[in-house]
Amino acid sequence: AQSVTQLGSHVSVSEGALVLLRCNYSSSVPPYLFWYVQYPNQGLQLLLKYTSAATLVKGINGFEAEFKKSETSFHLTKPSAHMSDAAEYFCAIQGTGGFKTIFGAGTRLFVKA
Amino acid sequence: DGGITQSPKYLFRKEGQNVTLSCEQNLNHDAMYWYRQDPGQGLRLIYYSQIVNDFQKGDIAEGYSVSREKKESFPLTVTSAQKNPTAFYLCASSTSGELFFGEGSRLTVL
Chain W
1 AQSVTQLGSH VSVSEGALVL LRCNYSSSVP PYLFWYVQYP NQGLQLLLKY TSAATLVKGI
61 NGFEAEFKKS ETSFHLTKPS AHMSDAAEYF CAIQGTGGFK TIFGAGTRLF VKA
Chain F
1001 DGGITQSPKY LFRKEGQNVT LSCEQNLNHD AMYWYRQDPG QGLRLIYYSQ IVNDFQKGDI
1061 AEGYSVSREK KESFPLTVTS AQKNPTAFYL CASSTSGELF FGEGSRLTVL
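Chains W and F supply the protein sequences, listed in that same order. The first sequence lines up with residues 1 to 113 when you count with this note's numbering. The second sequence lines up with residues 1001 to 1110 when you count with this note's numbering.
Hints should not be assumed to be uniformly reliable.
As the list claims (entries may be wrong) - Straight-line Cα separation of at most 25 Å, DSS-like style, residue types lysine-lysine; simulated pairs:
id	chain 1	residue 1	chain 2	residue 2
1	W	Lys100	F	Lys1071
2	W	Lys112	W	Lys68
3	W	Lys69	W	Lys49
4	F	Lys1009	F	Lys1057
5	F	Lys1083	F	Lys1057
6	W	Lys58	W	Lys100
7	W	Lys100	F	Lys1057
8	F	Lys1070	F	Lys1009
9	W	Lys100	F	Lys1014
To be verified - Cβ-Cβ distance ranges computed for the label pairs, FRET-style:
id	chain 1	residue 1	chain 2	residue 2	range
10	W	Gln45	F	Gln1041	11 to 21 Å
11	W	Ser80	F	Gln1041	24 to 34 Å
12	F	Glu1015	W	Ser52	39 to 49 Å
Read the hints as simulated data drawn from the structure, not as lab findings. Computed from a predicted structure; not experimentally measured. Ideal Cβ positions, reconstructed from N, Cα and C, are used throughout, including at glycine.
Please model the entire structure based on the sequences and the hints provided.
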């Protein structure tokens, strides 16, 4: 069975500081991995996705994530946080050729001025 | 603009009543999904449909029902059998693995 674990339900950073949101996965088949962002009372939108091409994936709004098979990780980073990055972030996994996407519990990012 | 439209955005119901949440998409996607979101629990899959006239139970299907009579539409009914229906409900469609979400419907049971 596939699963996703996000370390830390809340992360707080200062504006301009590095953002690091952690995600570890479990899968018996090569996975597709995703990061989605959710602003209050809205649906989710895709930040980036890994589909077995380049291990370093660049997404929207300056975010990127690196797929590390040896560590079963797919951590999300951004070099410099902006106030507008404050939101909830979800890591998700989907098995190759599958239709079910499994989500982590989410990490809420706070950005301090 | 193409996208997913959910309605209503907010809904209140009394205990014992069934309620139907609407989800319409104009993205021409075959697959559609319903997720339930509760604080601290991420998104949990209720039902999904890969093609018209076919759907499968997700992880928490008890107390819910769906239909898929048209490619564009995937309504969700929250029945009185659902013990704890107050939640934020998200509809999505997908292509190439990526999910496209609606704005969500917040259901509160009084």
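Hints and how they fare:
1. A distance of roughly 18 Å separates the Cα atoms of W/Lys100 and F/Lys1071; the hinted pair therefore holds under the 25 Å criterion.
2. Proximity of W/Lys112 to W/Lys68 is assessed by CA-CA distance (about 30 Å); at most 25 Å being required, the pair is judged violated.
3. Restraint check for W/Lys69 and W/Lys49: satisfied, since their Cα atoms lie roughly 15 Å apart, inside the 25 Å limit.
4. A C-alpha spacing of about 24 Å is found between F/Lys1009 and F/Lys1057, which places the hinted pair at or below 25 Å, so the restraint holds.
5. Our distance criterion of 25 Å between C-alpha atoms is met by F/Lys1083 and F/Lys1057, whose separation comes to about 17 Å.
6. Between W/Lys58 and W/Lys100 the CA atoms are separated by roughly 24 Å; this keeps the pair inside 25 Å, and the hint holds.
7. In summary, the hint linking W/Lys100 to F/Lys1057 is supported, as the alpha carbons are separated by about 11 Å, within the 25 Å threshold.
8. Of the supplied pair hints, the one linking F/Lys1070 and F/Lys1009 holds, its CA atoms being roughly 22 Å apart against a limit of 25 Å.
9. Annotation: proposed proximity of W/Lys100 to F/Lys1014 is violated, straight-line Cα distance about 32 Å (limit 25 Å).
10. Look at W/Gln45 against F/Gln1041: about 20 Å separates their beta carbons, and that is inside 11 to 21 Å.
11. For W/Ser80 paired with F/Gln1041, a C-beta distance near 31 Å keeps the hint of 24 to 34 Å intact.
12. Judged by the Cβ atoms, the range 39 to 49 Å given for F/Glu1015 and W/Ser52 holds: they are separated by roughly 48 Å.
Checked against the numbered hints given earlier, this structure breaks hints 2 and 9; the rest are met.
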